[in-house]
Every structure is written in structure tokens, then in C-alpha cells.
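My request is simple: use the sequences and hints to build the entire structure.
Protein chains in written order, with our numbering: chain B, 2 to 186; chain P, -12 to 269; chain C, 1420 to 1796.
These are calculated hints, taken from the structure and not from any lab test. Cβ atoms here follow ideal geometry from the backbone N, Cα and C, with glycine treated the same way. Be aware that one or more of the hints could be misleading.
Non-contacting residues of chain C with respect to chain P, defined by C-beta distances greater than 10 Å in every case (computed) [unchecked claim]: (1) E1474; (2) T1483; (3) S1487; (4) G1490; (5) E1507; (6) V1610; (7) F1614; (8) G1628; (9) D1640; (10) T1644; (11) L1649; (12) K1663; (13) E1686; (14) A1736; (15) G1779.
So the derived list for chain C, only partly shown, Cβ under 8 Å to chain B, looks like this [claimed, not checked]: (16) T1422; (17) N1425; (18) R1462; (19) T1562; (20) H1594; (21) E1597; (22) A1706; (23) P1781; (24) Q1785.
Here's the letter readout for the chains.
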Amino acid sequence: MSKTEPLEMQIRFAGSGGQGLILSARILAAALAGEGRFVAQSQAYEPTSRGGLSRSDLVISEREVDYPLVTALDVAVILDQVAVPACAGLLGRQTLTIIDAGKVTAPPEEPQTIHALPITETARALGNPRVANITALGALAELAGLIAPQTLRARMLKLVPARFRDINAEAFDAGQALAKAAEKV
Amino acid sequence: MNEIKVTSADEFDIRDWLRTDLMPHFMCPGCGHGIALRALLWACHELGIGKDRLAVVSGIGCSGRTGAYIDANTFHTTHGRPLAFATGLKLARPDLTVIVISGDGDSLAIGGNHLIHACRRNLDMTLVLLNNEVYGMTGGQVSPTTSAERFTTTTPAGNMEPVFDACKLAEGAGASFVGREATLQTPALKDLFKAAIAHKGFSLTEVISDCTEIFGRKNALGSSPEMVLKQKKVMIPAHTDNRVPEPFKPHPFETGVFVRQERPEYGEVYEALRARVREKGK
Amino acid sequence: MSTLQNIQGNAACAAGAIAAGCRFYAGYPITPSSEIAEQMAARLPKVGGTFIQMEDELGSMAATVGASLGGVKAMTATSGPGFSLKQENLGYAAMTETPCVIVNVMRGGPSTGLPTRPAQADIMQARWGTHGDHPIIVLAPHTVREIFEETIRAFNLAEALRVPVVVLYDETIGHLVETVDLTPPQPEDIVTRTFASGPAEDYLPYAAGEDMIPAFPRPGDGYRTHTTGLTHDERGFPTQDPQKVDAFMKRLLGKLERHAKMIEKTESVEVDDAQVLIVTMGTPARAAKTAIRQLRDEGIRAGLLRPVTLWPFPEAALRAAAKGKRAVLVPEMNAGQLILEVQRVLGGAAPVSGLNVFNGEPIAPQQIAQAVKELVK
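If you want it as C-alpha cells, here you go:
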């Protein structure tokens, strides 16, 4: 798919409900806005909030975003198998794709490069599988080159509840470390 | 409790309160609504309410047209909605005395939902519910308060539906002041209005009015004086302590104040919320 | 210094309302507009205003108009099914010339339809929803920033012209979070209705001067006027006198035309040299902008005319923009409503075709690009 807006980037966080992916998208969006970039963030609003598919999308631009919904992803973060079909038609050869190695059993076929990382497993080892969303954010910061990881990390610490700050900091760092060490599939 | 001091009727001249240039009025000869209007304005007079600060909100029907004759801020709204309009008006302008004039069809049928929630909220306003058992403006159809077996244009074989007791409904919904009077006891009706208006919170005053021209004629109830005298025969004042227990067999001629209790008034509760929110924001 | 922030469309609507001076909100929960009510519930008491969740949609519209009758700027918000219920008292606001703002965040219909999916099928209802000939203004923002700006403009127009104003946008933008500069308007950019002043004797509440807008009598100011949904004369009292009815209706229906310049607002993108003119609003207009860039990369010249004020419809702007175009395309998330108006205005001056999506999915840039390509074949 041709991209006539070279400065525009499209990102999707997808997984199952309750994984905290909407928070990941919100943190990234806040950090990017803090850098003076324009973000359009959308998500599926369904009556169910646990289990099932959950996704949040970002379109990022240097100016006000025109079409605010994703049409061809530059980056996809997929944390559950349930989300793989939902990304069909949006992934291309060039889509930088990060998947949870433990939860995505049949990765999408389109992307040339897939980073399969033990995201939830790492979060669980830190003591709380619910920080997988922040681990994924750390990995994304390292791999996507969208924003300086330290800037994103600082914004994240401002947006998570105070009592979870330490574990989220560890989760972010662990995600970054995973990405650095990752072998490409 | 608000003290009620009855003064001489002589001091009250209804012409001071009416838009006399709108006369003659639209009401049929013998209609009880005019008597209720007189009692209401007499009550306002005795309470010393300034006409500039008086807001009268009414709905649709014969009751709804009554408000236009009052020389105050009058709002003739849509069918069944006057309580909802009045809720917005009173919240936006707590400095106004808000009186709602509505009918049995307006308040108990199409506007029933607004009525029960107005009772529940307890915002400071007074509902004057003119109950004449019929939709008069539209030509005499059955209403939620039409007595059993009465003839109306939509009950040609007699009414088969049970009736609403507006006062019991209001009490059940939490109204902090509930009372009923008939037009034939005008001074008592005036006193009921006075107590209701002076009461801080939502007050429902049901007025047993009479529709001579349409309802009376259809049911061979005689002339207006005859209709009113028939009411008198069956009237049970509150002090006889003889309330009918069955909800769907109300006795409309049981009169008096049925509920009078102190409950937090909605406007004051909201003002306290504003103060709390502001304090928190400091 | 940048005041950029990420904010949801519905939250921007609430922020705009507060900035415009709205101090009363009555609402009833309905997807996808409930966030507006939630925001107003939190914001209004902080600025001395009042929020109330009413017992139903009818009551929330009535309370909104009731508050405005008291002289306070008031708003309500809803979505399709609730918008249907609000029509009764929206008509009362139009008839009594009571300023108020009604937000309709459009979802799929008819009936309960698709509560969480976007649609634009209330375009005609927003214009003709209540019974009888009546004036109404409908604004159609297409970004979160514009929701903020147009909500402020909605209050300004409502107050200046004593007319209900509908802010109409689809679920996609309502729930979209965007980076926006929400610089509050300057005090001189906020309009408040003209209140009646001067002696109360011989005062006529519905008598208007050249501008056709009567001054508003605030209760308590000594005018003691009558407000009714019945057709009324200059005194405010019911009349059936054909001459008075005629004069009243002509003023009521004519006042928006008198102030057309204040009301009209469109956006044009690359219209001048375009072969194909796209006419659309809301999210599809954003798809059109992306499509226009893609098409121009391929040498196909398309342009966009977007009504920001949807009603009264920008007839002259459309006629000018369509002049000499090979074709006009009207993409919309419904079975064909905006196109009816476009066809009526152009009257055959250019061939008009539609691109209609009503399956709950937004219209994507590729779909518009494809439709334009078909038209220039």
C-alpha cells in the first residue's frame, strides 16, 4: 500500500481485554504529544471489557492527522492469538511486528520481521502478569525508534498509579532488555 | 413546619394578579379551574410573593392554559413536561418561586415519569394538579383519574380502568408535602396552597376540580353547583382519619394535608456539592 | 508555549461548552455520547453550574430549555434514539426562540441499531426531526479540535440568534482521542444573548427590529412575559389571526437567512482545479482529505467541499465549488441523505453520485479514491 504521507505512522496494540493495551496506547500518545507530535488514538468500544478482543490504534503525524483510523500498520504489537485475525489486511511486509511469544501461537504471515518476545512470561517473573502492557511498551520503545525510550519511560511513570510505579519501571526496563536481546524470527 | 396565618379575603384583589387584558378567559362556565386559580393567587398574595419573582410553568390541556392569565413569568410548555421544564428553571434560577400547574392527563398519564422523579428529588417547587377526571381540551376522553363506569368519548360503554390516586402516588415516590382539596372549599384550598408553597421541597397539591361542560354533561351530573354539592356529600376531611387503604380504590374526596416532612431540598444539596467540589479543587 | 493535549472528542465537547459559558446540563445516559454527561457532571459544579441526570430524554431536553428560559446557557447531549425523543421539546425551543445546544453523537440506526458503531444517518432528522416548519442550525465538526471550536460556536449562534443549535458528529470522532491545542477563547469571542432592558410598560417580548431577533426577557427583570409553544403574537400570547401568524412565521423562518453570513461555514480543499468535487462531512471528510492526496500523487485532481455548518445548507458555496466539475461525489455513512440536498442545490448542473456505507464501518480513504477513479474513467 502506498503511503503518500511520509511523516505519518500507524500503530496498533492488540490483544485480549484486560491486558491494559489501551493504557499502553494512551501512554505512548501522551509522550508523543509531549514531543509536539499529533496523535489520533482510537479503540473499539464494545460493551464487554474483559476477555475477547481489545485493540487501540494510533495514527501519528507531524501535523494534525487527516484520516484518524489505521489503514496500513507500520507497527503492530500483538499480545494474544485472538488479536491476530483482527490485524488481517492491515499488516504488510514492512510492518514491524512484536508478538507475545507465549500467547501468540500462530503468528501472522505477512510481516517480514516478527519479534517474538516472552512478554507476559517476563511480566509474570517480575511478580505481576498485568504489567505485560508496559513490558510491551518497553520493547516497542527499543525497536520502533519512534521516541527516545527514556522520554516514554518518564511519561509512563507519570501516568501509572503511584503504588505500581516501581513494578512498571521494572517492566519497562525488562521489555527494553528483551528487545535488545531478541533474535529475529 | 410553616405557620399559616389567615388574613381577610378583602385585602386580596385578584385583578392585581391577573392579565386582565386577556379577558374574557377561555374557561367554560362552571369550570373549577378558575376557582383554583383564584385560591392560588390568594395564597401568593398572603405569602407576599413578588410577581416578578414568580414563575408559573404549565403543560397542555385546560389546566395548562390557566397559567397564562397570571401576571407573572408564565411558561406554557409541552404536554406532560412542565415539571421537567420547571426542574431546569428552578435549578438555573433558585431565586424564583416556581409553581407548576398541570392536569390529571398532563401529570399522571403523559408526564407520569416526570412526576414520580420530581417527588423523589425534592426540588423546591409546588405542583398544582387540577384533577377534573377528564381530557377536557380535546373533547372529553378518559383520563387516569376518571372514576369507574363514567362515560367519556373514549369509554362509550363506561370506564373499566382503575384510577390513580395522585396523592398516594406522590407519597410513595417520596414527595415531602402532599395534600388535596376541592374547589368548593376555597379558603381551605388557599391555605393548602400557602402551606405547599411555603414548604421547602417538592409539594404536590391535588385539586378536585370539576368539568361541568363536558364530563358533567356526559355523565348527567347536573349543573356546576349541583356537581359541587355532590362532591360535598361524599367529602371526607383529613381529620376524620378515614383514608382508604386500597391503592386502586382511592376516595378522591378525602381532603387535607397527607404528608409534611422535612427532607433535604435538592437545590441546597447541590449547592453543598458545589462547595465540596470547590474545596477539593483548592 | 504549546498547550497541546490529548483529549477525547466527547470531552472536548464538554470543554468547549464550559468555555462558551454553559452553566446547565441535563442529560440521560446513551452510548456513544455518555462521556459528555460524565464530563459535565464533573466540570459544572466547579464553575458554579448545575448538572442533572434526568429521568428520560424528554425530561432532559425540557430541563435544558427550562434552564435557558431562566437566562442561563444550557446544553444536552444524546445519540440517535434519544435524539428522536428530544425532538418534541427541541421544537418548543425553536418556537419560543430559546437558545440551547443539543449534541447528537451519531450511531448506526434505525431504532437501537449499532450503539457503538459510527453512522451519519441523522442528517435529515437533525434538520427536520421535529414537526412543523422551524428554524434550526446544525454544525458538523470533523476533528476533536473542531468539536471544541464548534461547540463554542454553537453556543454563540444559539445565543445571538435565539435558536436551538445541534452539534452533529459521528461516533468515530466522539470517541477519538486527538492531540489538540485547546486554547480557551477570548472573552470577546463569547456571545451572550441580548437581555431585554428599558421600561416594562408596553414591552413586547416578540417584537424585533431589523435584525429580526427579539431581546430576551429574563425572569425577575420585571417584564413578566408569557412563553408558549402556541403560535403567538408580539405580546407572546396565542393568536390565530392569519396576518399575525404569517408575520410571526416569516420572522421565525427568515431570521437565519438574515444572518446567513454569521452562520455559514465551509472548508474547501483543492477545489479550484479539481475534476471531481467531493462533498462530505465528519469522518468521511477526513478520509476524503487523505484520498485527495493519494489521487493527486497519481495525477487525478479531486477536491473537497465540507459543510461545517450543515444546516442551513451552504447552497451558494456548493454551487460555486461544483461549477465546471466533471462529477460530484457524496460519500456518507448512510443510505443517501446529504446527496439529496446536493442534488437539489445543483439541480443537474453536474452529475452527482453517492458512496454509501451503512454497515457500521467508517468510510476509508481507499474507498473514496476508488470511487473518484471510477468517475474520471
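- Task: Grab the minimum C-beta distance from H1594 of chain C to chain B and call the hint holds if it beats 8 Å, violated otherwise.
- Result: 6 Å, holds
- Message: If I take the minimum Cβ distance from T1644 of chain C to any residue of chain P, is it greater than 10 Å?
- Response: 7 Å, violated
- Task: Taking the shortest Cβ-to-Cβ distance between G1628 of chain C and chain P, state whether it exceeds 10 Å.
- Result: 23 Å, holds
- Taking 10 Å as the cut and beta carbons as the points, is T1483 of chain C off the interface with chain P? 6 Å, violated
- Query: Per the CB criterion, is T1562 of chain C less than 8 Å away from chain B?
  - Reply: 7 Å, holds
- Least C-beta distance from L1649 of chain C to chain P larger than 10 Å: Given a closest Cβ separation of 7 Å, the condition is violated.
- Item | F1614 of chain C remote from chain P - nearest C-beta pair above 10 Å | 13 Å, holds
- Under 8 Å, Cβ to Cβ, is where R1462 of chain C needs to be relative to chain B, so tell me if that hint holds or is violated. 21 Å, violated
- Query: Against chain P, does E1507 of chain C keep a CB gap of more than 10 Å to every residue?
  - Reply: 6 Å, violated
- Could you let me know if the closest chain P CB is still more than 10 Å away from the CB of G1779 of chain C? 31 Å, holds
- Query: Does the no-contact call for D1640 of chain C survive, Cβ to all of chain P over 10 Å?
  - Reply: Nearest chain P Cβ is 7 Å from D1640 of chain C, so the label is violated.
- Message: Verify this label for me: G1490 of chain C is non-interface relative to chain P, using a Cβ-Cβ cutoff of 10 Å.
- Response: 7 Å, violated
Checked against the numbered hints given earlier, this structure breaks hints 1, 2, 3, 4, 5, 9, 10, 11, 16, 18; the rest are met.
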